[in-house]
Amino acid sequence: MSALLEIEQLEVTFGGRTHRSTAAVRGASLAVERGETHCLVGESGCGKSVTALAVMNLLARGGERRARRLSFQGDDLLKLDDGGMARLRGNAMAMIFQEPMTSLNPAYTVGSQMTEVLRRHKRASQRVATDRAADLLARVGITAPGLRLGQFPHQLSGGLRQRVMIAMALMCDPQLLVADEPTTALDVTVQAQILRLLAQLQRDLGLGLLLITHDLGIVARVAHRVSVMYAGEVVESAATSELFANPCHPYTQGLLRCVPVPGKIRRDQPLGSIPGTVPRVGPGFEGCAFRERCSFADATCAHTIPRRNAGATHDYLCRLPA
Amino acid sequence: MFQFLLRRLIVALLVAATVMVLAFVLTRLSGDLATSIAGANATAADIEAIRKAYGLDRPVITQFFDWVGRAVTGDLGESYFFKARVASLIGERMPVTLTLGLTGLVIALVVSLPLGILAAVRENTGLDRFVQMVALLGQAMPSFWLGLLLMITFGLQLGWLPISGTGSWQNYVMPGVVLAFSAIPALTRLTRAGMIQAMGSDYIRTARAKGLSRASILLKHALRNAAIPVVAIAAVQLGFMLGGSIVIEQVFALHGVGFLAWESIAKNDFPVVQAVVLVLAVIYVALTMLADLMNAVLDPRLRSA
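Residue numbers (the working numbering), protein chains in the order written: chain A, 1 to 322; chain B, 1 to 305.
Worth flagging that the hints you see were computed from the coordinates, not collected in a lab.
Treat the hints with care, as some may be off.
To be verified - If we take Cβ atoms under 7 Å as the criterion, some of the chain B residues that face chain A in the derived model are:
| hint | residue |
| --- | --- |
| 1 | 65 |
| 2 | 83 |
| 3 | 85 |
| 4 | 209 |
| 5 | 300 |
Using N, Cα and C, we set each Cβ at its ideal position, and we do this for glycine too.
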């Protein structure tokens, strides 16, 4: 049986195919299994969010996606027209975003925004939809759901709004939930609550969860599998324990050195950092995009890099042996 | 919400009071009223008699408060020329002006909302630029000239529409279009800008992520937010139209309040002039309040402010 979501050789470019265009995603591949939390990590601008938006076909104007394969529940998403895609979105696949403060429409009540999803996709009556919305609000830990349904977004805190977004995403019982840095904009204490909630919902509902983050602490706690992205490519992919125990790509190793681990780090030892920034990569770029920041780089890194296996479900994109 | 309304009401009353002072002062500044009423051949004794008869010999302050005192009870005085109550003169003509203004506003909205939405959806295409150019032309065209052009084309050459009078609804078509033309540019641009901003917002991305239909995304989620400034400006534009109908009523010989104002200015019938200015200003202030109210209905964030 095929995976819930399969992405093979996804490419996303912005600004047409001229010399000024930017390749935001360059041949990224990953798969999300049913009931699995798959974390997509990497620093800002590496193409994580664009990958998620490309899957949902929600790219901003000027964004163009191509892929060898992009399938959901075995169906080819590339063959779907806008209408077909819209029937899947919010229904079998849902998405929540980084900006809870602005992601809800200020002009409509929480209830109206939640119920319209069910009314649209399941042709539910207003009554059924309202009941479902209240149930889900309670489920995501909101007290007095009846009150909240009648309130407007500006009457809710950021944490509450993100809970509403999560509840709204679950209205139609999706198979896949894409969460694009859902805790970044929130207070640290609220972050932990939302994350625990997501992990719990994922387990209870058997969701396939594609969780985008740059926080390796989150990854360690919730992910079954991790894909590390750099400059639009997935440079390493492995089961979570495997990745933390045996990171093979120099970039992954660098990322892990940036995380302070209590008990393992000495007080006088400086925390690691990766010098430089992600290069802007145009079409036709060749070789390893990390080579200018990599301490292991040599002349061969400017050529096409092979993908190596470090285990049955562990691969990485580097010329160095595992 | 109650506080919001109260604040608006106080501001509205202040504006009305200011307008009363201005209307009164401006008519006095236009020269000695008794002299101009009496005409060129009047003797000094005639002028003195007129001054006494109309109470113009009293101190200006007394005249002002006398007028204000009566005006707030609805008594706007008597016309010197028509020998009739000013309030009933205006009352008789108001339906014509309101019909004209509302016709203009409806035409303006019916044209500019779809045009603005269309231009926003097709942002930076030829269609968008065409719409913007039409808006620019509309802004640059003097209304009396457009009125005359329409009259020549549809009234005289094609004979489709009457060119003057107030006999039927057809009399309101051309003047309504002319009035609408002055409001269409602003409303179209505002709709376009609001829609472009709304369509780029996070909540529209959410609406798309929810798989809503394109119609629902555009008309329910985006337009609702884009409409907030449009409603405010539309109300103000209606106020402009009522004021601007002074010219249009003259061009199309519609006997409305604008026509009355024109006649009274020409005949130095200053109680009428003062009253028309006051009534139009009060309507304008009321429309602005209505716009605020409608904004509060459309934008829940304002209700708690």
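Against the structure, the hints come out as follows:
| no. | hint | in the structure |
| --- | --- | --- |
| 1 | 65 | violated (47 Å) |
| 2 | 83 | violated (54 Å) |
| 3 | 85 | violated (47 Å) |
| 4 | 209 | holds (5 Å) |
| 5 | 300 | holds (4 Å) |
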